[in-house]
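Input sequences plus hints: build the corresponding full structure.
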Amino acid sequence: EAGVAQSPRYKIIEKRQSVAFWCNPISGHATLYWYQQILGQGPKLLIQFQNNGVVDDSQLPKDRFSAERLKGVDSTLKIQPAKLEDSAVYLCASSLVTQETQYFGPGTRLLVL
Amino acid sequence: GDSVTQMEGPVTLSEEAFLTINCTYTATGYPSLFWYVQYPGEGLQLLLKATKADDKGSNKGFEATYRKETTSFHLEKGSVQVSDSAVYFCALSRIGNQFYFGTGTSLTVIP
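Quick mapping for you: the protein sequence lines, in order, are chains U and R.
Count the first sequence with the numbering used here and you get residues 1 to 113, in order.
Count the second sequence with the numbering used here and you get residues 1 to 111, in order.
Do not rely on the hints blindly, as some may be mistaken.
SDA-like cross-link-like pairs, simulated, lysine to any residue; straight-line CA separation at most 20 Å [to be verified]: (1) U:LYS44 x R:GLY1; (2) U:LYS44 x R:ASP2; (3) U:LYS44 x R:GLU8; (4) U:LYS44 x R:THR105; (5) U:LYS44 x R:THR26; (6) R:LYS52 x U:GLU100; (7) R:LYS49 x U:GLU100; (8) R:LYS56 x U:GLU100; (9) R:LYS60 x U:THR101; (10) U:LYS11 x R:GLU42; (11) R:LYS49 x U:VAL97; (12) U:LYS44 x R:PRO40; (13) U:LYS44 x R:GLU42; (14) U:LYS44 x R:TYR39; (15) R:LYS60 x U:TYR103; (16) R:LYS52 x U:THR101; (17) U:LYS44 x R:THR5; (18) U:LYS44 x R:ILE95; (19) R:LYS49 x U:THR101; (20) U:LYS44 x R:SER106; (21) R:LYS56 x U:THR101; (22) U:LYS44 x R:GLY41; (23) U:LYS44 x R:LEU46; (24) U:LYS44 x R:ALA27; (25) R:LYS49 x U:THR31; (26) U:LYS44 x R:SER3; (27) U:LYS44 x R:GLN45; (28) R:LYS52 x U:VAL97; (29) U:LYS44 x R:THR103; (30) U:LYS44 x R:MET7; (31) U:LYS11 x R:PRO40; (32) U:LYS44 x R:THR24; (33) U:LYS62 x R:GLN98; (34) U:LYS44 x R:VAL87.
Short, incomplete list of chain U residues facing chain R, as computed with Cβ under 7 Å [what the hints assert, rightly or not]: (35) GLN41; (36) GLY42; (37) PRO43; (38) PHE104.
Derived by calculation from the structure, the hints in this document are not laboratory data.
All C-beta atoms, glycine included, are put in the ideal place defined by N, C-alpha and C.
Printed below as a string of structure tokens:
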């Protein structure tokens, strides 16, 4: 089966610009996660969707980050405006049901200059 | 709150050496425990998991046993290969709660 797809793989922007990342989960997976992984650290959950509803966004910086999953399949994560400290890898993962094994995409590496 | 603590790296081993990467956790109830591996430039891949006390997860020669009495889930492999060079993450999850990842342990295996 196809894995989790993410695009773009790399993005370089200047601070205060906006950027968007796209994720297509494994077919049939109801739960979708966005993580931020700063260099040398473990992934940190930003937001979790169950179908098209938000389950947990407690660690999402809502003044600049937003995410949606309109039809319960693909998802988009946006940062506006970006800050230097947003430089990280943004990982998307999906699972059949909440808290079961998560399958990760390759990630989008963001560099904010 | 829930958390995972991993031994700090980096770890450098010669090929065919024995590997142990320590992981301890703090959680109420009965979490599921996972080891994920991240190869350079790639996303995380599930390596193995255990869902209850005394369960042993295994895959590709790696093993880890869920020890509730010591709240540990140490990763072991009897003979590492160069291709095992990667970053290894311990993680836990509980029903109704989010995944918690450790900070990762970088492993380099030299020929």
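Hint-by-hint comparison with the structure:
1. U:LYS44 x R:GLY1: Answer holds: LYS44 of chain U to GLY1 of chain R is near 15 Å, not above 20 Å.
2. U:LYS44 x R:ASP2: holds, 13 Å
3. U:LYS44 x R:GLU8: Roughly 18 Å between the alpha carbons, so the hint for LYS44 of chain U and GLU8 of chain R holds.
4. U:LYS44 x R:THR105: holds, 16 Å
5. U:LYS44 x R:THR26: Distance of about 17 Å is within 20 Å: holds.
6. R:LYS52 x U:GLU100: holds, 13 Å
7. R:LYS49 x U:GLU100: Holds, at roughly 10 Å.
8. R:LYS56 x U:GLU100: The given pair, whose Cα atoms are some 17 Å apart, holds under the 20 Å limit.
9. R:LYS60 x U:THR101: The given pair, whose Cα atoms are some 18 Å apart, holds under the 20 Å limit.
10. U:LYS11 x R:GLU42: Given that 20 Å is the threshold and the Cα spacing comes to 16 Å, the pair holds.
11. R:LYS49 x U:VAL97: holds, 16 Å
12. U:LYS44 x R:PRO40: holds, 19 Å
13. U:LYS44 x R:GLU42: Distance ~17 Å between LYS44 of chain U and GLU42 of chain R Cα, so the pair holds.
14. U:LYS44 x R:TYR39: The hint holds at about 18 Å.
15. R:LYS60 x U:TYR103: Within the cut-off at roughly 18 Å; holds.
16. R:LYS52 x U:THR101: holds, 14 Å
17. U:LYS44 x R:THR5: OK: LYS44 of chain U and THR5 of chain R at ~14 Å, within 20 Å.
18. U:LYS44 x R:ILE95: holds, 18 Å
19. R:LYS49 x U:THR101: holds, 8 Å
20. U:LYS44 x R:SER106: Given that 20 Å is the threshold and the Cα spacing comes to 18 Å, the pair holds.
21. R:LYS56 x U:THR101: Distance ~16 Å between LYS56 of chain R and THR101 of chain U Cα, so the pair holds.
22. U:LYS44 x R:GLY41: With a Cα-Cα distance of about 18 Å, the restraint between LYS44 of chain U and GLY41 of chain R holds, given a limit of 20 Å.
23. U:LYS44 x R:LEU46: holds, 17 Å
24. U:LYS44 x R:ALA27: The hint holds at about 17 Å.
25. R:LYS49 x U:THR31: holds, 19 Å
26. U:LYS44 x R:SER3: holds, 12 Å
27. U:LYS44 x R:GLN45: With Cα atoms ~16 Å apart, LYS44 of chain U and GLN45 of chain R stay inside 20 Å; holds.
28. R:LYS52 x U:VAL97: holds, 18 Å
29. U:LYS44 x R:THR103: holds, 10 Å
30. U:LYS44 x R:MET7: holds, 18 Å
31. U:LYS11 x R:PRO40: holds, 18 Å
32. U:LYS44 x R:THR24: holds, 18 Å
33. U:LYS62 x R:GLN98: Roughly 19 Å between the alpha carbons, so the hint for LYS62 of chain U and GLN98 of chain R holds.
34. U:LYS44 x R:VAL87: holds, 16 Å
35. GLN41: holds, 6 Å
36. GLY42: Where the cut-off is 7 Å and the nearest Cβ of chain R is about 4 Å from GLY42 of chain U, the hint holds.
37. PRO43: holds, 5 Å
38. PHE104: holds, 4 Å
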